[in-house]
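Student: Chain by chain, the residues run as shown.
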Amino acid sequence: AQSVTQPDIHITVSEGASLELRCNYSYGATPYLFWYVQSPGQGLQLLLKYFSGDTLVQGIKGFEAEFKRSQSSFNLRKPSVHWSDAAEYFCAVGRNTDKLIFGTGTRLQVFP
Amino acid sequence: GAVVSQHPSRVICKSGTSVKIECRSLDFQATTMFWYRQFPKKSLMLMATSNEGSKATYEQGVEKDKFLINHASLTLSTLTVTSAHPEDSSFYICSATLIGGRTLETQYFGPGTRLLVL
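Residue numbers (my numbering), protein chains in the order written: chain A, 1 to 112; chain B, 113 to 230.
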């Protein structure tokens with residue numbers, strides 16, 4: 001069955017610290033992979049995506065993610081977190097059906 | 113650009129009544145709109161795919177008579193929760209895709225509608 005797992009429900013980091021949000025997936029073929037961010041009152045915003053090619057992808061707001069086929073993972077990273085990064089982060093997978101399968105999300109809290 | 117709005121942002125209704133939620137693409141035309149439902153601490157679950165001028169395609173387990181979807185124009189899709197019950201309380205999110213775009217790349221999400229049925 002197709003699924004996405006985000007093992008960390010809630011993560012707290014200090015401003016300026018590095019961040020890694022985990023995402024593992026189960027899919028029949030190499031999927032398209034996405035990270036979205038959801039802030040209160042805002043729609044989901046696409047941070048980055050992987051379709052093919054270079055397995056390290058750069059996104060907006062200083063985020064990057066690395067696709068590791070052997071580990072079925074697509075972890076999101078940021079070297080230095082800002083207070084404005086506090087939000088809910090969702091990993092998602094999809095393919096030609098155009099249907100996205102979302103993980104349960106990770107809530108990021110940033111302390112000054 | 114590529115903004116999607118939803119109205120209302122939150123609604124409280126009595127059990128047995130119907131509630132309509134609107135999803136609009138404000139500055140682009142959308143061939144396809146998607147409706148999702150999000151439970152607390154759960155992922156977004158796709159409910160249905162809505163194409164302008166045709167019937168919506170519902171995911172397995174979603175009652176089409178309970179959740180009526182109409183996509184009357186290239187900028188508006190509506191979700192009507194008919195005879196709502198407390199178990200229908202949830203966060204409903206829509207997304208829209210640009211005409212000519214590859215859906216997975218150009219899916220833009222609305223801010224969501226919080227429905228509470230008493």
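Simulated from the structure, these hints should not be mistaken for laboratory data.
Mixed in with the good hints there might be a few duds.
Stated by the list, open to error - DSS-like cross-link-like pairs, simulated, lysine-lysine; straight-line CA separation at most 27 Å:
| id | chain 1 | residue 1 | chain 2 | residue 2 |
| --- | --- | --- | --- | --- |
| 1 | A | Lys49 | A | Lys61 |
| 2 | A | Lys61 | B | Lys154 |
| 3 | B | Lys126 | A | Lys61 |
| 4 | B | Lys153 | B | Lys126 |
| 5 | B | Lys126 | A | Lys99 |
| 6 | B | Lys178 | A | Lys99 |
These figures come from a predicted structure and were not determined experimentally.
Student: Which of the numbered hints above does this structure break?
Tutor: 3, 5
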